[in-house]
Amino acid sequence: MHMANYRLKKGYDIRIAGGAEEVLERASFPESVGLYPSDFYGMTPKPLVEGGERVRIGTPLWHDRRRESLVVTSPASGTVAEVRRGARRALEAVVLRTDGKQQIAAGTPGPPKRISSSARGDIISALCGTGLFPLIRQRPFGTVADPLAAPRDIFVTAMDTAPLAPDQRIILKKHEQEFQRGIDVLASLTAGRVHLCTGGGTDDASAFAGARNVERHRFDGPHPAGNAGVHIHHVAPIRGAGDIVWHCTVQGAILIGRYFLAGAPSFDVTAAVAGPAAAQRRYVETLAGAALSSFAEASDKFPAARFISGNVLTGRNAGADGFLGFGDSLVTIIPEPQKSVFLGWLSPGFSLESFSYSFISRLMPRRRFALDSNRNGSVRAFVATGIYERLLPMDILPSFLLKSILADDIEEMEKLGILEVAPEDFALCEYACPSKTDIQRIIRDGIDLMLKETRESE
Amino acid sequence: MKAHGTIRSAFEKGGRFERLWPLIDAAETFFFRLPVRTAGGTHVRDAYDLKRMMMIVVMALFPCMAFGTYNVGYQFYASAGLPADHLACVLKGLTVIIPLYVVTFAVGGFWEVLFALIRGEEINEGFFVTGALIPLVMPPTIPLWQLALAVSFGVVLGKELFGGTGMNIFNPALVSRAFLFFAYPRSISGAGVWTLTGGTVVDAYTMATPLHLGLEPKGGIVAHLAGNGFDFWRMFTGLEPGSIGETSTVAVLIGALILILTGVGSWRIIVSVFAGGGAMALLCNAFAPSDASMMALPAHYHFVMGGFAFGAVFMATDPVSAAGTNAGKYVYGFLIGVLTIMVRTLNPAYPEGMMLAILFMNLFSPLIDYAVVRLNMRRRLRRAAG
Numbered sequence: 001m002h003m004a005n006y007r008l009k010k011g012y013d014i015r016i017a018g019g020a021e022e023v024l025e026r027a028s029f030p031e032s033v034g035l036y037p038s039d040f041y042g043m044t045p046k047p048l049v050e051g052g053e054r055v056r057i058g059t060p061l062w063h064d065r066r067r068e069s070l071v072v073t074s075p076a077s078g079t080v081a082e083v084r085r086g087a088r089r090a091l092e093a094v095v096l097r098t099d100g101k102q103q104i105a106a107g108t109p110g111p112p113k114r115i116s117s118s119a120r121g122d123i124i125s126a127l128c129g130t131g132l133f134p135l136i137r138q139r140p141f142g143t144v145a146d147p148l149a150a151p152r153d154i155f156v157t158a159m160d161t162a163p164l165a166p167d168q169r170i171i172l173k174k175h176e177q178e179f180q181r182g183i184d185v186l187a188s189l190t191a192g193r194v195h196l197c198t199g200g201g202t203d204d205a206s207a208f209a210g211a212r213n214v215e216r217h218r219f220d221g222p223h224p225a226g227n228a229g230v231h232i233h234h235v236a237p238i239r240g241a242g243d244i245v246w247h248c249t250v251q252g253a254i255l256i257g258r259y260f261l262a263g264a265p266s267f268d269v270t271a272a273v274a275g276p277a278a279a280q281r282r283y284v285e286t287l288a289g290a291a292l293s294s295f296a297e298a299s300d301k302f303p304a305a306r307f308i309s310g311n312v313l314t315g316r317n318a319g320a321d322g323f324l325g326f327g328d329s330l331v332t333i334i335p336e337p338q339k340s341v342f343l344g345w346l347s348p349g350f351s352l353e354s355f356s357y358s359f360i361s362r363l364m365p366r367r368r369f370a371l372d373s374n375r376n377g378s379v380r381a382f383v384a385t386g387i388y389e390r391l392l393p394m395d396i397l398p399s400f401l402l403k404s405i406l407a408d409d410i411e412e413m414e415k416l417g418i419l420e421v422a423p424e425d426f427a428l429c430e431y432a433c434p435s436k437t438d439i440q441r442i443i444r445d446g447i448d449l450m451l452k453e454t455r456e457s458e
Numbered sequence: 001m002k003a004h005g006t007i008r009s010a011f012e013k014g015g016r017f018e019r020l021w022p023l024i025d026a027a028e029t030f031f032f033r034l035p036v037r038t039a040g041g042t043h044v045r046d047a048y049d050l051k052r053m054m055m056i057v058v059m060a061l062f063p064c065m066a067f068g069t070y071n072v073g074y075q076f077y078a079s080a081g082l083p084a085d086h087l088a089c090v091l092k093g094l095t096v097i098i099p100l101y102v103v104t105f106a107v108g109g110f111w112e113v114l115f116a117l118i119r120g121e122e123i124n125e126g127f128f129v130t131g132a133l134i135p136l137v138m139p140p141t142i143p144l145w146q147l148a149l150a151v152s153f154g155v156v157l158g159k160e161l162f163g164g165t166g167m168n169i170f171n172p173a174l175v176s177r178a179f180l181f182f183a184y185p186r187s188i189s190g191a192g193v194w195t196l197t198g199g200t201v202v203d204a205y206t207m208a209t210p211l212h213l214g215l216e217p218k219g220g221i222v223a224h225l226a227g228n229g230f231d232f233w234r235m236f237t238g239l240e241p242g243s244i245g246e247t248s249t250v251a252v253l254i255g256a257l258i259l260i261l262t263g264v265g266s267w268r269i270i271v272s273v274f275a276g277g278g279a280m281a282l283l284c285n286a287f288a289p290s291d292a293s294m295m296a297l298p299a300h301y302h303f304v305m306g307g308f309a310f311g312a313v314f315m316a317t318d319p320v321s322a323a324g325t326n327a328g329k330y331v332y333g334f335l336i337g338v339l340t341i342m343v344r345t346l347n348p349a350y351p352e353g354m355m356l357a358i359l360f361m362n363l364f365s366p367l368i369d370y371a372v373v374r375l376n377m378r379r380r381l382r383r384a385a386g
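Residue numbers (this note's numbering), protein chains in the order written: chain A, 1 to 458; chain B, 1 to 386.
Since the hints were derived computationally from the structure, they do not count as laboratory data. Hints should not be assumed to be uniformly reliable.
As the list claims (entries may be wrong) - Here are the computed distance ranges between Cβ atoms for each label pair:
#1 A:13 / B:121: 50 to 56 Å
#2 A:279 / B:119: 27 to 33 Å
#3 B:203 / A:379: 55 to 61 Å
#4 A:406 / B:85: 54 to 60 Å
#5 A:408 / B:27: 54 to 60 Å
#6 A:364 / B:203: 29 to 35 Å
#7 B:346 / A:441: 46 to 52 Å
#8 A:441 / B:86: 53 to 59 Å
#9 A:7 / B:326: 16 to 22 Å
#10 A:441 / B:348: 53 to 59 Å
Heads up, the beta-carbon is just placed ideally off N, CA and C, and yes, glycines get one too.
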């Protein structure tokens, strides 16, 4: 079988303390579940439920205004506790109170019997009807996949290099059959190939060695070597705005496969709890959208802690009373900074995490740091320090792409690679930026602008 | 601490001294790493910031400052033919250096604060590096009022008019020096200004810098320099007349090591300036009409003379005015080296070419980047098509 190796040099692994132990426990069933439209970039949500309404697994909570078949459904049965709206009445979250019965909604479609490209239409409408379809994402732009699009290829990202990322082998464990079925389903959705991208280590590769119906690729290197955008860039790059590639995580493929094996949708997921301020660092089996309080707790060593659904680079500040994001399989808990440090910028830096060799600690690769949410400096003008260029393993000039976005120059943005990237690919640049620029925000603005243009021209 | 809070609130928005907020902010962020939380983007941030980057550059300049201080005193006593111990040299040097730095930072700081207050922006640390550099590229005899004018010119016209730190096209420290060069040429060129003298100069002392001597060599140029006491090792170590911080190649190399090891200065630029200078010097050697021509000067002599090393390490590497792409940095640095040697050897009016070569390439760095960016676009397009 064909297998390619990619050794990436650019990038950096942030040395943050608090990785999850390889212990998997069943979390207590969450009393409440919440879903945030911000986890479904590319959809314009129109709520379909009201406060007090009864829901079951698979009950549509909202749909996309432009493509009504694209829905987000309830992962649990219970009642709608809150339909939260923000500025200009935009939907912010739907919070459900669970009843623990986990009944399936009446109208939920069953999986098509046949998995083949001739049944593609049925498979897509079944995935849409159950609310599983948004587990598939799309490049260009990193949106929720468009059910009407025909993807050239599909990438399954079987690795995660983000700080404190969950071990994909633990997510896969005992779900190998579901994973394989998920891949088979995905394969029926594209005329091209399913690319399975694993880490470079032999363990990573061997856990996924049994996967069939895929083309395998091994990526070796520091973060962001595990990002779907990086994989697509190296294996089969995006050729233009109409060249669509889908991608999916291991967890996503498992949920899709489980639906086809079990006959009904399930949103049971495996998530890691990690971070320097986490009381118990472990893996839990819980529900997509589960209340964080049902399985994650902050250590009392810190006066204030931040609960992040996702990783420290791209996750959402969910709050201790927040919810596990749709598609997230990590909760990171970090301390909030408390004290001012006198002449802090002058220290030799034995105890500070940095990509820069101006800190002694940079020479200690094994050291781990209890990183807090300190911005570590003031916002300054953009200075071309050459740092971004060392953190993006793509043939893209990051500073110039960012400048073209700031200038709203769509033509330049496209030539410089906006079609290939998502904000997450620039998160590491944002981390290391000495000017403390919000780089992911800039990329997001650029993508927003591109999407607006393409929609207007439709 | 309570008083600190009360005073602070008077400067915050709506407070009585709201307009002066940048002052308090600058003082606070200077003295403390404040517990400001991230919001919106990444939840954690690198401990590295622009302030630390600038402080590393200032630290890398310390060897040049220290040696420059000593050398000013040393040349003073040597020109008078007086014996002096090391301490006397340092003390004499300090009497020159301290006023230069006081004036530079007072004038530069004034403009920085004024512009920050007018714009309502935070005062940034951008002037630290510029301010540390300016006295080091001055002759020790520079009148303080001219220095004040030069600093004003460099900061206001060289930087603030472009929008402040990060926006300037030219290196502000070099703009200051260029201003003096054109406005008060007698203070910063010729043979007489590079040593602070007590009025009487003994016959055995050579006032001219090696580069001046190179203009009209008698006999082979290397022998001519050596005859005036400027052998390679003296110029390498730096006990010679010249701009305050530039004479010692050893001190510059220590600074280069700090900049390269910390990743603050671009090794690509530093290496390619030397490569460009070396290549051009070899070319000149090949066409030199005689041993007595400046064109016959070997490359390693060029590297230790004048401001070549200092400019390559501390001026060309300014990330704001240099080329931003990695490929562009090689071209930018190489051409600085080539131009410097070209001016030195082929233009008898200017014995030193470093300052003008860097300013000239500052002007061209956007063009170099433009070319690199177009090449990247073309490569990406071809890749997408294949």
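Structure-based check of all given hints:
About 35 Å separates the C-beta atoms of residue 13 of chain A and residue 121 of chain B, a value inconsistent with the hinted range of 50 to 56 Å. The hinted range of 27 to 33 Å is not satisfied by residue 279 of chain A and residue 119 of chain B, whose Cβ atoms lie roughly 46 Å apart. For the pair residue 203 of chain B and residue 379 of chain A, the supplied restraint of 55 to 61 Å holds, since their beta-carbon distance comes to about 60 Å. Separated by about 58 Å at the C-beta atoms, residue 406 of chain A and residue 85 of chain B satisfy the suggested range of 54 to 60 Å.
The hinted range of 54 to 60 Å is not satisfied by residue 408 of chain A and residue 27 of chain B, whose Cβ atoms lie roughly 37 Å apart. Taking the beta carbon of each, residue 364 of chain A and residue 203 of chain B are about 59 Å apart, not inside 29 to 35 Å as hinted. A hinted range of 46 to 52 Å for the beta carbons of residue 346 of chain B and residue 441 of chain A is consistent with their spacing of about 51 Å. Take residue 441 of chain A and residue 86 of chain B: their Cβ atoms lie about 56 Å apart, and the range 53 to 59 Å holds.
Evaluation of the 16 to 22 Å hint for residue 7 of chain A and residue 326 of chain B yields a pass: the beta carbon distance comes to about 20 Å. Between residue 441 of chain A and residue 348 of chain B the beta carbons are some 55 Å apart, a value that agrees with the proposed interval 53 to 59 Å.
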